[in-house]
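Chemist: In case you want the letters, here they are:
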Amino acid sequence: MLDKILNSKIWATLFKGYGFLFLGFLYLPLGLIFVYSFNANSINMAIWTEFTFDWYLTIFGGASSQSSFDAAFTESPDRIFEVVKHSVIVALSASTVSTVIGTATAIALARYHFVGKRFYQALLVLPMIVPDIVLGIALLIFFVGAGFKLSLLTIIIGHTTFLSSYVFVVVSARLAGMDTSLEQASADLGAGPITTFRRVTLPQIMPGVVGGFLLAFIISLDDVVITYFIAGVGSQTLPLFILAMMRRGLRPQINALAVLLLLFTFVIAAIGLYLRSRKS
Amino acid sequence: MSFLKIASAHKAYKTPEGGLIHALDDVSLDVRNNEFLTLLGPSGCGKTTLLKCIAGFEDIDSGEISFEEQSLKGVPAHRRPFNTVFQSYALFPHLSIANNVGYGLDVTGVAKGERNKRVEEALELVGLAGFGSREPKQLSGGQQQRVALARSLVLKPRVLLLDEPLSALDRKMRENMQIELKNLQHSVGITFVFVTHDQEEALAMSDRIAVVANGKVQQLAAPTEIYDEPANEFVANFVGTSNIFSGKVVAKDGALLTIETANQRQVLATSDRFGRGDHVELVLRPEHLKLAPSGNGIPESCIDGTVEASVFVGSDLHLHVDVGKGRTAIVHHRHNRGDDGERIEAGTSVKLYYSPNAAHLIKAIGR
Ligand SMILES: Nc1ncnc2c1ncn2[C@@H]1O[C@H](COP(=O)(O)OP(=O)(O)OP(=O)(O)O)[C@@H](O)[C@H]1O
Ligand SMILES: [Mg+2]
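Chain order of the listed sequences is R and L. Heads up, our numbering is the position in the first sequence plus 46, with the first residue counted as 1. Heads up, our numbering is the position in the second sequence plus 654, with the first residue counted as 1.
Next comes chain R alone, as it looks inside the complex (with noise of 0.2 Å):
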């Protein structure tokens, strides 16, 4: 009897319907967002008045044909580049430096038995637990305590940290899925363990250190609330550049910077799981 009526038409639609709802509380923020950052008008957002690119040309230091347009709603291309650019370097940076100590570590977790090792592995996770606010706060009072100046290398260490826990993870469950008579065979084939290292160990592992890299780049790419203790003056990144520019109100160039950092992380996220699909 229930079955008949769960079977039937109607309930088909319906569950069809309620499954394109939840589609659209999930993505129809960023689909508005993608819109309106071709909206003309500047004054209002949430009114469509016509289809421009302006927008995206101001971010590139192009002018705006906008009869509306007007110059105290938009930042100046200068400033943009540098915030982009501070944000890819303390990404790269922080990632790359992540995924060495994280791969490294998870090697000598997995593979090499000592005292505490077990309390060792809890500690290495806990970073990615405690909330944001507090690690930035406590990074800050570390830095600060420390005699550190605030900037570009302090978010680049305060990233590293969290960061590494990210990466260990991943490279962590790579390593667990491995066999680890392939280490034995290849040194029982005469290779020494460096030799085993790079030729057995890291290709194999490979897949897990790229993507713990390319999520740490994510991660660290749009972190607001760890950076927002860190950063100094002059070492501004472009998520710490938009809350800025919102405090002064919503602009429709914000919209135009977001669409562009969600098409870069898509690209991003992309090359990861195209690797991972390959790999394994």
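FYI, nobody ran anything at the bench for these hints, they're computed from the structure. As the structure is a prediction and not an experimental result, all values here were calculated from the model. Built from N, CA and C at the ideal position, the CB exists for glycine as well. Don't take every hint at face value.
Quick list of simulated restraints, FRET-style, between CB atoms [what the hints assert, rightly or not]:
#1 L:Gly-672 to R:Ala-150: 48 to 56 Å
#2 L:Thr-762 to R:Val-161: 33 to 41 Å
#3 R:Leu-309 to L:Gly-672: 56 to 64 Å
25 Å max Cα-Cα, derived SDA-like pairs, lysine to any residue [unchecked claim]:
#4 L:Lys-810 to L:Ala-885
#5 L:Lys-727 to R:Ile-240
#6 L:Lys-791 to R:Glu-229
#7 L:Lys-766 to R:Tyr-274
#8 L:Lys-1005 to L:Thr-912
#9 L:Lys-791 to R:Gly-63
#10 L:Lys-668 to R:Arg-164
#11 L:Lys-727 to R:Arg-164
#12 L:Lys-727 to R:Glu-229
#13 L:Lys-727 to R:Thr-241
#14 R:Lys-131 to R:Phe-243
#15 L:Lys-791 to R:Tyr-274
#16 L:Lys-1005 to L:His-989
#17 L:Lys-791 to R:Met-252
#18 R:Lys-163 to L:Ile-675
#19 L:Lys-944 to L:Gly-931
#20 R:Lys-131 to R:Ile-317
#21 R:Lys-163 to L:Phe-711
#22 R:Lys-163 to L:Arg-862
Selected chain R positions facing chain L (in silico; Cβ < 8 Å) [what the hints assert, rightly or not]:
#23 Pro-173
#24 Gly-223
#25 Leu-228
#26 Ala-233
#27 Asp-234
#28 Gly-236
#29 Ile-240
#30 Thr-241
#31 Val-246
#32 Thr-247
#33 Gln-250
#34 Pro-253
With chain R fixed as given, assemble chain L with the ligands onto it according to the hints.
Modeler: Just chain L with the ligands now, kept in the frame of chain R:
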């Protein structure tokens, strides 16, 4: 000069509960040059552990492993002149077949031309010429096993260690590979130390068999000796089927002994190792028990019993015979074409005859 020698090797593993597992308990073994030696034993008896200690993946706690009189203590796996064929094959999934086989040559810096030539030869040797550009996962289990073999053989090791390399194959394939492996060992002239828990495989392939149980070598001998003259009850039961009766030697006439067992009054056996008053275990193989006397004049022993069950297995008829006091003897009665009138029903009384030469005596433990 001794070749590969293991002397009083001990190896214990700690369990998570804090106990100790003695995986190797005073193992001494002399492996001869060019022989096919099999380590045979039940699961968990320490075969893999011994192989790992020889290969250098594990260290022994005490004792010594030496090769051509040189101790291997502290010599890492990659410097030992042995190669291993892993139970799981352990082929490198990210390398082609040719690069898998060439791996050992690559890491030891063999020149490109020579390397390629030897890889091709090795693949040919195992019947996989032309498979070089494939990936491991594109091969069947049997083919992967041969790649693993080629990968080790290409380095011309002094000793090849094989850990149950045939266990993943189906029966037919396994039998083929047994013959191939044996022939290969003969033609390349490399010492094989082969691990298996399959007694038929061990009997079929080996020059000598070391029967291992509970971390100890129970017997080290040629296959026929292992089968005909098992050193103890464990070997008698593990290799083939045995009927074992305890008894005491009550009379001796030359080599002919009369033994009084708990079940039967008196039975015969020949042995020059025991005398009057000795407590012995009498081992009788099922195929040596006959349902009729041979009638060739040799004095034969005879045991009375009642058939409990008979199982036809094709070549033989297996009889389970109650010989008194709850003891059951297993008899393999040869089946000849057309003798189906001879099917023996449960409850039939039978007499089991055997020649005293067929009986093997071992010393009873604890007497
Ligand atoms: N790394 C280890 N840690 C703890 N105990 C171990 C370890 N490796 C082996 N053992 C124990 O040592 C004993 C011997 O193990 P081993 O692997 O040598 O057995 P095996 O004869 O190869 O058995 P199988 O035929 O099942 O492969 C077993 O009781 C096993 O549980
Ligand atoms: Mg084993």
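Chemist: Each hint needs a verdict: does it hold in this structure or not?
Modeler: Here's how the hints hold up against the structure:
1. For Gly-672 (chain L) and Ala-150 (chain R), the Cβ-Cβ distance of about 32 Å falls outside the hinted range of 48 to 56 Å, so the restraint is violated.
2. For the pair Thr-762 (chain L) and Val-161 (chain R), the beta carbons lie near 36 Å from each other, so the given range of 33 to 41 Å is met.
3. Taken as a hint, the range 56 to 64 Å holds for the pair Leu-309 (chain R) and Gly-672 (chain L), whose Cβ atoms sit roughly 58 Å apart.
4. Note on Lys-810 (chain L) and Ala-885 (chain L): the hinted pairing is violated, with a Cα-Cα distance of about 35 Å set against a maximum of 25 Å.
5. Annotation: proposed proximity of Lys-727 (chain L) to Ile-240 (chain R) holds, straight-line Cα distance about 22 Å (limit 25 Å).
6. Proposed proximity of Lys-791 (chain L) and Glu-229 (chain R) is supported: the alpha carbons are some 18 Å apart, at most 25 Å.
7. For a cut-off of 25 Å, the pair hint linking Lys-766 (chain L) to Tyr-274 (chain R) is broken: about 57 Å separates their Cα positions.
8. At most 25 Å may separate the alpha-carbon atoms for a hinted pair to count; Lys-1005 (chain L) and Thr-912 (chain L) meet this at roughly 18 Å.
9. A hinted pair counts as satisfied when its Cα atoms are at most 25 Å apart, and Lys-791 (chain L) with Gly-63 (chain R) does not qualify at roughly 44 Å.
10. Under the criterion of a C-alpha separation no larger than 25 Å, the hint pairing Lys-668 (chain L) with Arg-164 (chain R) is consistent with the structure, at around 18 Å.
11. With a C-alpha separation of about 31 Å, the suggested pairing of Lys-727 (chain L) with Arg-164 (chain R) is violated against the 25 Å cut-off.
12. Proposed proximity of Lys-727 (chain L) and Glu-229 (chain R) is supported: the alpha carbons are some 21 Å apart, at most 25 Å.
13. Our distance criterion of 25 Å between C-alpha atoms is met by Lys-727 (chain L) and Thr-241 (chain R), whose separation comes to about 23 Å.
14. The hinted pair formed by Lys-131 (chain R) and Phe-243 (chain R) fails the criterion: a straight-line CA distance of about 35 Å is larger than 25 Å.
15. Note on Lys-791 (chain L) and Tyr-274 (chain R): the hinted pairing is violated, with a Cα-Cα distance of about 50 Å set against a maximum of 25 Å.
16. Pair hint Lys-1005 (chain L) plus His-989 (chain L) holds up; C-alpha atoms about 18 Å apart against a cutoff of 25 Å.
17. As the CA atoms of Lys-791 (chain L) and Met-252 (chain R) are separated by approximately 19 Å, the hinted pair is consistent with the 25 Å bound.
18. Simply put, Lys-163 (chain R) and Ile-675 (chain L) have alpha-carbon atoms about 23 Å apart, close enough for the 25 Å limit, and the pair holds.
19. For the hint linking Lys-944 (chain L) to Gly-931 (chain L), the alpha-carbon distance of about 28 Å lies beyond 25 Å, and the restraint is violated.
20. Of the pairs offered as hints, the one joining Lys-131 (chain R) and Ile-317 (chain R) holds, with about 21 Å between alpha carbons and a cut-off of 25 Å not exceeded.
21. With a CA separation close to 22 Å, the supplied pair Lys-163 (chain R) and Phe-711 (chain L) stays within the 25 Å bound.
22. Annotation: proposed proximity of Lys-163 (chain R) to Arg-862 (chain L) is violated, straight-line Cα distance about 45 Å (limit 25 Å).
23. Below 8 Å, beta-carbon pairs count as interface contacts, and Pro-173 (chain R) has none with chain L, the closest being about 29 Å; its hint is therefore violated.
24. Taking 8 Å as the C-beta cut-off, the interface hint given for Gly-223 (chain R) is violated, the closest approach to chain L being about 12 Å.
25. Satisfaction of the interface hint for Leu-228 (chain R) is found here, the shortest Cβ-Cβ separation to chain L being roughly 5 Å, below the 8 Å cut-off.
26. Given hint, Ala-233 (chain R) at the interface with chain L, holds; its Cβ is 4 Å from that chain's nearest Cβ, closer than 8 Å.
27. At a threshold of 8 Å, the smallest CB-CB gap from Asp-234 (chain R) to chain L is about 5 Å, leaving the interface hint in force.
28. Taking 8 Å as the C-beta cut-off, the interface hint given for Gly-236 (chain R) holds, the closest approach to chain L being about 5 Å.
29. The interface hint given for Ile-240 (chain R) is broken, as the beta carbon of that residue sits about 10 Å from the closest beta carbon of chain L, more than 8 Å.
30. Given the 8 Å rule on beta carbons, the hint for Thr-241 (chain R) holds: about 5 Å separates it from the nearest Cβ of chain L.
31. For Val-246 (chain R), the shortest C-beta to C-beta distance to chain L is roughly 6 Å, which falls under 8 Å, so the interface hint holds.
32. With a least beta-carbon distance of about 11 Å to chain L, the hint placing Thr-247 (chain R) at the interface is violated under the 8 Å criterion.
33. Hint status for Gln-250 (chain R) relative to chain L: holds, with the closest Cβ pair at about 7 Å, below 8 Å.
34. The beta carbon of Pro-253 (chain R) comes no nearer than 11 Å to any beta carbon in chain L, farther than 8 Å, and the hint placing it at the interface is violated.
Going through the hint list in order, the structure does not satisfy hints 1, 4, 7, 9, 11, 14, 15, 19, 22, 23, 24, 29, 32 and 34.
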